[in-house]
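Produce the complete structure using the sequences and hints provided.
Quick mapping for you: the protein sequence lines, in order, are chains A and B.
Counting in this note's numbering, the first sequence runs without a single skipped number right up to 332 at its last residue.
Counting in this note's numbering, the second sequence runs without a single skipped number right up to 264 at its last residue.
No false leads were slipped in.
Here are the computed lysine to any residue pairs in the SDA-like style, where the Cα-Cα straight-line distance is at most 25 Å:
id : chain 1 : residue 1 : chain 2 : residue 2
1  : A       : Lys132    : B       : Glu220
2  : B       : Lys260    : A       : Pro291
3  : A       : Lys50     : A       : Asp17
4  : A       : Lys134    : B       : Pro233
5  : A       : Lys211    : B       : Asn166
6  : A       : Lys91     : B       : Leu137
7  : B       : Lys109    : B       : Gly94
8  : A       : Lys298    : B       : Ile19
9  : B       : Lys109    : A       : Ser193
10 : B       : Lys197    : B       : Glu67
11 : B       : Lys157    : B       : Leu174
12 : A       : Lys211    : A       : Asp309
13 : B       : Lys252    : A       : Ser290
14 : A       : Lys132    : B       : Ala223
15 : A       : Lys132    : B       : Asp124
16 : B       : Lys155    : B       : Gln167
Since the hints were made in silico from the structure, they are not lab data.
All of these numbers come straight from a predicted model, not from anything done at the bench.
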Amino acid sequence: MTRQVFAYIIHKDGVADDTALEMVAAAGKLDSDARVTAVVAGAGSKLDSVCNEAASSFAEVWKIDNPALAYVTSEVLRPMLVLILPKNGIILVPHDHFGMDLAPGLSIKLDAAYLPDAVDFQGIDNGKLKAVREEYTGQVSTHVLTDISEGVVITVRPGSFKADESKRGEGHVVDKTPEAIEGGLPAGSCRFLEIVEAEVGDVDITKSDILVSVGRGIEDEDNLEIIHELAEAMGGDVSCSRPIVDAKWLEKSRQVGTSGQTVKPKVYMALGISGTFQHVGGLKGSPFVIAINKSPRAPIFQVADVGIVDDILDFIPELTERINELKG
Amino acid sequence: MEILVCIKRVPDTSENEIEVNRDGTDIERDDLVCSVNEWDNYAVEEAIQIRDRVGGSVTVVSVGDEEAEEVVRREMAMGADKGILLSDDAFEGSDGRGIAAILKAEVKRGNYDLVLTGAQADDGAAQVGGMLAAMLDWPFASLVNFIEFVDDKKIKVGREIAGGNQEMYEINLPSVLSIQTGINEPRYVSIRGIRKVASLEIPVHTAGNLGISPESVGEPGAKTKRLDYFMPEPGEGAEILEGSTDEIIDKLIELLKAKGGIK
Ligand SMILES: Cc1cc2nc3c(=O)[nH]c(=O)nc-3n(C[C@H](O)[C@H](O)[C@H](O)COP(=O)(O)OP(=O)(O)OC[C@H]3O[C@@H](n4cnc5c(N)ncnc54)[C@H](O)[C@@H]3O)c2cc1C
Ligand SMILES: Nc1ncnc2c1ncn2[C@@H]1O[C@H](COP(=O)(O)O)[C@@H](O)[C@H]1O
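In structure tokens:
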């Protein structure tokens, strides 16, 4: 029997998210014989353009079109998905801020298994899916086995499957709206109000060619001085990982990552940053990445071009001094 | 306002390098420094601040073995009014759904207006809060970085999304929220504070107390099971610069010059 895989498509302003084609690849790795259906929810003509886009990559597209989804929220969408999805299907959702909101509850409502933040699939045997996950901020990996015989909801880590660009879709869009809103919309116990845009900071790190980025390895607010000095010597700007912003040592506008800025410098220095996918997800345009970390096993060394295993508190001042000497 | 905060004791990744043990069955647990999950600490701080603003009480709860009592006590020293440990051999090996089911049983015993979890814990799953909400049929918001009370039946909540933007919602109580770091600045817990709560009795609830059938949770109830641990296969990876610090700096400066890293 052909397996049914569903991929939830995130989109904005009428364009599918990068994760859409990653879902095609993920579904292919999961089961190359599966019939893969894109599920696209929203409202109006922008939704139609996303559906048409998806139709070129997926065997089939299920559309849910309703004004209540003009801004898609998981509390409104989840009950609709429960009405249309089969009880034993495989449902793929990107592991991002939307997937984290939607997917765990969806698995409960579908009475399906849940597999969070999968980075790879290694085959299905006897109703059991073998997958790879990471734990402890990527320091160790695990194989997990999920019983998918009664269906499964899987969140897939963005960036872990290479986008499948092959256009092999059949262009078939099915309007699932009537089924999805059968019995009326859910009572509004959670009402979306508005989007509050991020505050603009004093520097725009998205425009910087050279970023000197600092993470929790800096240990203390006072030590930030050596980072500012290095950035000045290099002629770059200071950016950071999330814990530095959480501690209020630097402004939110300097945070690189999925919940911060997406940057595209020529050179990126990652100093005392472990390299979680949420941080690295903010790096675009393949910058030259130099990582300095005292742990040789830090995941950042997997994405960096050049690595130095050392204590940044010792190394950075020496480097700064040498660059300044050089510049005279 | 009766608030329940779910907390987990986890290996502290800023204090330890996590290693896989010899046969790959577990991580190396000798000398492992453990503490409360980073996200949960923000959740407890938020609950305490809410209680101090609008009244009520804060209860912290953890599913774990006797060692988990240490983090329950720590969060009580921080200012939580009550602590509960949910512990039973039958809970061992639970997947996220199992943990959520155990927590649900405890929520049902109380009269809570608000349940807080962390956004994610050590295995990065980010699942328990959303599952718990679905099991309770309560509204849920994840990655919450702002909470304001509208009245005693309603709250205004901000969720962090991409780019540092925020979605604002109005949510009816009772509800479940998963808390994102940065929502507040968790207070410091002094040794003295810990000593003050050292002798407080922390009730332990078992599967029997909670009315949970043992086969629905733990290893038998788990649909997702960990098979082993392994070190991530080294990919292409970085070229590691070796030599004395001076030599490394020489090489690095050459690279920086070549790549436009020195202006
Ligand atoms: C929904 C969501 C969104 C997120 N968005 C973002 C985001 O946009 N950006 C982001 O950065 N994070 C984000 N995070 C957080 C992310 O998961 C990590 O917690 C965070 O990136 C870790 O930051 P870090 O690398 O600085 O700290 P850690 O992971 O604690 O790493 C510190 C590193 O410093 C090294 N180190 C320690 N001391 C020294 C020293 N003296 N010298 C050299 N090295 C040293 C350690 O070996 C370690 O590798 C998000 C999390 C969630 C759940
Ligand atoms: N064993 C546990 N006991 C209590 N709460 C837990 C436990 N495991 C997870 N949680 C809660 O669920 C949140 C998310 O964890 P997870 O879904 O495992 O990533 C944590 O921040 C805790 O609030």
